[in-house]
Amino acid sequence: MEHNREVEIDGNSNPIQISRLALDIGGSLIKLVYFSRNSGDDEDPPKDKVRVSNGVNGRLHFAKFETAKINDCLQFISANKLLLGGGFQHQENCTNDRSFIKATGGGAYKFSELFKEKLGISLEKEDEMDCLVTGANFLLKAVNQEAFTYLNGSKEFVQIDHNDLYPYLLVNIGSGVSMIKVDGDGKFERVSGTSVGGGTFWGLGKLLTKCQSFDELLELSHRGDNRAIDTLVGDIYGGMDYSKIGLLSTTIASSFGKATSHNKDLEDYKPEDISRSLLRMISNNIGQISYLNALRFGLKRIIFGGFFIRSHSYTMDTIAVAVHFWSKGEAKAMFLRHEGFLGALGAFMSYETHSLDDLVVNQMMPLPVNASLGMDTNYDPLKGDLNGTESIQCSVYRA
Amino acid sequence: MASLKEDPILEIDGIIIKDEFEIGKPVIDKLREDRPALETEGTVIKGESVIDKVREEGSGGQGERDMVPPTSNSIHRSGSRPQLDLSKAAIEGNFEERDPTILLPNQSDDISHLALDIGGSLIKLVYFSRHQDRPTNDKRKKTVKERLGISNGNRRSYPILGGRLHFVKFETSKINECLDFISSKQLHRGGVDSHSWHSDTSSNGNAVIKATGGGAYKYADLFKERLGVSLDKEDEMDCLVAGANFLLKAIRHEAFTHMEGQKEFVQIDQNDLFPYLLVNIGSGVSMIKVDGDGKFERVSGTNVGGGTYWGLGRLLTECKSFDELLELSQKGDNSTIDMLVGDIYGSMDYNKIGLSASTIASSFGKAISEKKELTSYKPEDISLSLLRMISYNIGQISYLNALRFGLKRIFFGGFFIRGHAYTMDAISFAVHFWSKGEAQAMFLRHEGYLGALGAFMSYEKHGLDDLMVHQLVERFPMGAPYTGGKIHGPPLGDLNEKISWMEKFVQKGTEITAPVPMASSGTTGLGGFEVPSSKGGTLRADASALNVGVLHLEPTLEVFPQLADPKMYEPNTIDLANHSELEYWFTVLSDHLPDLVDKAVASEGGTDDSKRRGDAFARAFSAHLARLMEEPAAYGKLGLANLLELREECLREFQFVDAYRSIKQRENEASLAVLPDLLVELDSMTEETRLLTLIEGVLAANIFDWGSRACVELYHKGTIIEIYRMSRNKMQRPWRVDDFDAFKERMLGSGDKKPCPHKRALLFVDNSGADVILGMLPLAREFLRHGTEVVLVANSLPALNDVTAMELPDIVAEAAKHCDILRRAAEAGGLLVDAMINTSDVSKDNSSSVPLMVVENGCGSPCIDLRQVSSELAAAAKDADLIVLEGMGRALHTNFNARFKCEALKLAMVKNQRLAEKLIKGNIYDSVCRYEPAS
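Here the protein sequences come in this chain order: U and R.
First residue of the first sequence: 1, per the UniProt record's numbering; consecutive thereafter.
First residue of the second sequence: 1, per the UniProt record's numbering; consecutive thereafter.
Hints listed in this document are in silico derivations from the structure and should not be mistaken for laboratory results.
Values in this document were obtained by computation on a predicted structure and should not be read as measured data.
Even for Gly, the Cβ is constructed at its ideal location relative to N, Cα and C.
Do not take every clue at face value.
As the list claims (entries may be wrong) - Okay, derived cross-link-like pairs now, BS3-like style, lysine-lysine, Cα gap no bigger than 30 Å in a straight line:
#1 U:Lys-332 with R:Lys-408
#2 U:Lys-118 with R:Lys-371
#3 U:Lys-110 with R:Lys-817
Said to hold, decoys possible - Covered stretches of chain R, as calculated for chain U (at least 3 residues, CB under 8 Å):
#4 293-304
#5 387-398
#6 804-812
Could you put together the complete structure from these sequences and hints?
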């Protein structure tokens, strides 16, 4: 279980009031977003925050569990009393007593009985794409330093003019990959996708290595050298670049192409190399298809999100390089710090407390990330946690 | 001829023939005396004794023709040399087994060029062997040429000589076999000193062979050492594009689509070929935008290609070869490994974005399950999952690139495909899926040879640049059905080796004849991103392997100039894409095979050798049929005409040059004996009566067709009289298709208006014997009488009992002995230059006669594909204003729907019930007289 630590780290000794919970139950991970009200509404707002009367200050928390361990998740919800709902009764427009929580992702259907049984609540299903887009739009507009580019190991935050945000291509890399052209709030279209995504990386990786977790596999890739397995252009042209068509000798000509060698078996390859090769294959592919789709619709920005990335620098680098390569430098890959929680955030935004969406949107001011979390020194890549973005200080309004 | 209906009496030329045939007596008597009987055209033959004779003689007959009046679209046409002595045809010593051709002894045949594509797993060879036309001594031909204004010079104006383009492949790991092959055929030498083509090689043995592919570097030293040749490396991309351009322009049935197990050939207009996207799937994938010859750009690619499939496949399964892995995928079920939309959404479709429950959400997404390890998954499932992942991905990226550049067509090639049905389906599905049906993936039959062909094209002065589609004829070697498009066995030397090879197959019990049931449409169920509805057991792994034949370059072939719309022209009337149709004709052909073999063996004297060849022929042809049953498109698009020509080619392959020789001869003699009386009878008629009688005669005589099973059975069971009676009964007008009145008006006018006679009529003749002698010749004579030049168009090579252009001059000469009109015309047409006829003293004064000429059509099939005819026919046709197509093969099976720039008359008796129903909603023995004004 990836219990987020914000509760402790927050250092807020006041009892936290959980206000709202939303879930994104994917094929491999369950993502939770919930809001906790600060003990007092009058707590000092961040200075750049535009204070709106009647607002409620609090924090958005992010947590995730493996879908396979859904019971941990259920336990977490129940242990943290996330269903108590605090200040925002989501039932306010609901006539029966039955409580429900917003949920998206395929598992919202699949596990709906389980939630009913174990927690006595209904899952109100929100469309996955809607949630993704809503979540992304929210982050891009509401959170400072949310989007960044990544090239050659260096991260650079991008300030996006809200008025010039649309249209953009949102690429959500979960188990599979969805590519969504976003034209505005609630205005979007799934234009493409690919089945070669995070699930493929982890699935193939699991079959090919002894790794026990996605993160372990990812970590392995750091130390790998894909040249042991991939056929490079140089391998074919005897170390010469095939410059005529603009291919460097280090360009991968065929992923896993060297594995066709008759002399070697699976055991003869290092798991690190395999992992690296897999990662490059999949990242590169996603980058390429994304770019081609952006090109097709004339989209300047491609924003990548989803759990595959996990702020993994090499993954981002590969995707960025692919986009850079295929676009000849004209397009840039951007990433989101909260990439894994787009769906859950979107589901969260979908509560209809007199249109919470509107409230948030109306606030529109950037919400700074809690600084203490942002630089979390305890960040452990193996846990796959994000760069300390477990919570966002924010205010929400009741209408 | 309304009288016919009222009266059981036939009226011919104003002469009434009663059932008793009194009037025909002289003719009959004559027949009774000496020959097996024939009759037709108004001539009546009687006499049971004759029939008995026929019965005996006919018993060995085969006649598969009824089903077969095929057309040949493509098999062999020897450019135009009916004068060759086919009986001495021999198979060139070093033809490898895939080469189906017979070398005519008078032609020199030189290997001129060899090019190689040495890839990681396969070596592909393309080589060209050419043959020179022997000098034309033939006087008939000379005269015809003068007449038609095509001097020999015209022919020489072709810069290239005819020849054959061969395609051969070897496994790279067995490169020595390849070297042996080259060495045994002296392929490397041929390029050096044989001809001036090769100006860049010196004669000092410093030969150079064009080569491409990575191995061109790797094995350069080996070639030098073993063969003493240097490899001249050509750029891979250049070669791919040059090869693809050549194939797409030169071969009619090269590109095809493959959706859900269904293959469909696509006709591509040469002028509308560019630009296109060429996706070459090797270890990696290159995507090339092709804008023209030599104009291309690599616009994209992906590193997820064939190497990824095989590499990952090897790591994940125990497979020892790429093909094994591919084969495994047939039995796989990817839903055990891939995460489907249904797995996520609890088996509900995610309709909102158009994804069904069986859509793959994440390739290998289920493999993340903690409980399972690699060994818990079936290799079959892994292979299928991999195959889909990679194929879909390639399809998707290709489509996106095509879209980006506005390219309508995407051609996929490269070793990853290998004619594998699932792979093609998967790619097609991806393209279809992402383009929402607007783009189509296409594949190439010779896809494996793109690089080698391109290297071949890179020779300077190979002379193939301006090659036209109509100059290429593809033929399939005896071994084709066995090799199924795969790597073939060792090169076979002579005919004897071929036969032995064939016999060996039978001894080994190799399953070659049992047709594999074809998958009904859609059974691949490769729903693209979806789970296959069937696991693939219905489709053989190699079901889509396409054979590659030898391309015969016949520079003298041309498009028939009178075709109204050559681009839209489709020779075949019957589409064999319909499986039941296919089955029917296959049954017909198979049923007639024993008869044909008997006849063929008899034609060669019934020797042991001929029996052995006959057996081998039967096996080879049966194998071809079986192969086509399981894969109708194995040899490219399949029409009835192709099927029929295949049989003729197969006969020639085993050196049966003319199975019907003796039968034709006998029937010709019998008919010629009857002719004079017929002509006398005709001459006594009025012009109008005579015209009808002549047309009736053509139709009735067309019944004597050894290609028709129904007719052969008649020969066996009935009397000639009965046959003729039946035939004449059927003659009662109106015929099933009856435009006679329109034709008559054109010929004779109405009222006082005398129409202008035709300038030149082309008469496409059909069978020997009565058909041509008592049917077509009298009709030709009538045209001559009207002052119309007549060109008899006959086969270049024998096919069933069809009369050939080589045989016709003798027949005409014989007929001319008894007829001044024919004699003068034949003299004028140069057919009697040998002065076989001495009665010609008189003729000098009449030398003003319009000519009667004979030209060969350029083919050796019972049908005719008018896109590929001999240059002399093309020349003769330019001034023609009437075309008469006679017989099922040329007027019904092919060309029934053909439109011409000039007038056309299509005459045939339908000797096949199924065809009759299908084509004219009639019955067997119905007649067709279709007259079409110029369009």
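Against the structure, the hints:
1. This hinted pair checks out: U:Lys-332 and R:Lys-408 have alpha carbons roughly 29 Å apart, not beyond 30 Å.
2. Distance check on the hinted pair: U:Lys-118 and R:Lys-371 sit about 24 Å apart at the alpha-carbon level, within 30 Å; holds.
3. Our distance criterion of 30 Å between C-alpha atoms is broken by U:Lys-110 and R:Lys-817, whose separation comes to about 95 Å.
4. Counting residues of the stretch 293-304 of chain R whose CB falls under 8 Å from any CB of chain U gives 5; the rule of at least 3 is met.
5. Using a Cβ-Cβ cut-off of 8 Å, 5 residues of the stretch 387-398 of chain R lie near chain U, which meets the minimum of three, so the contact claim holds.
6. Counting residues of the stretch 804-812 of chain R whose beta carbon lies closer than 8 Å to any beta carbon of chain U gives 0, which falls below the threshold of three, so the coverage claim is violated.
Violated hints, in rising order: 3, 6; the structure is consistent with all others.
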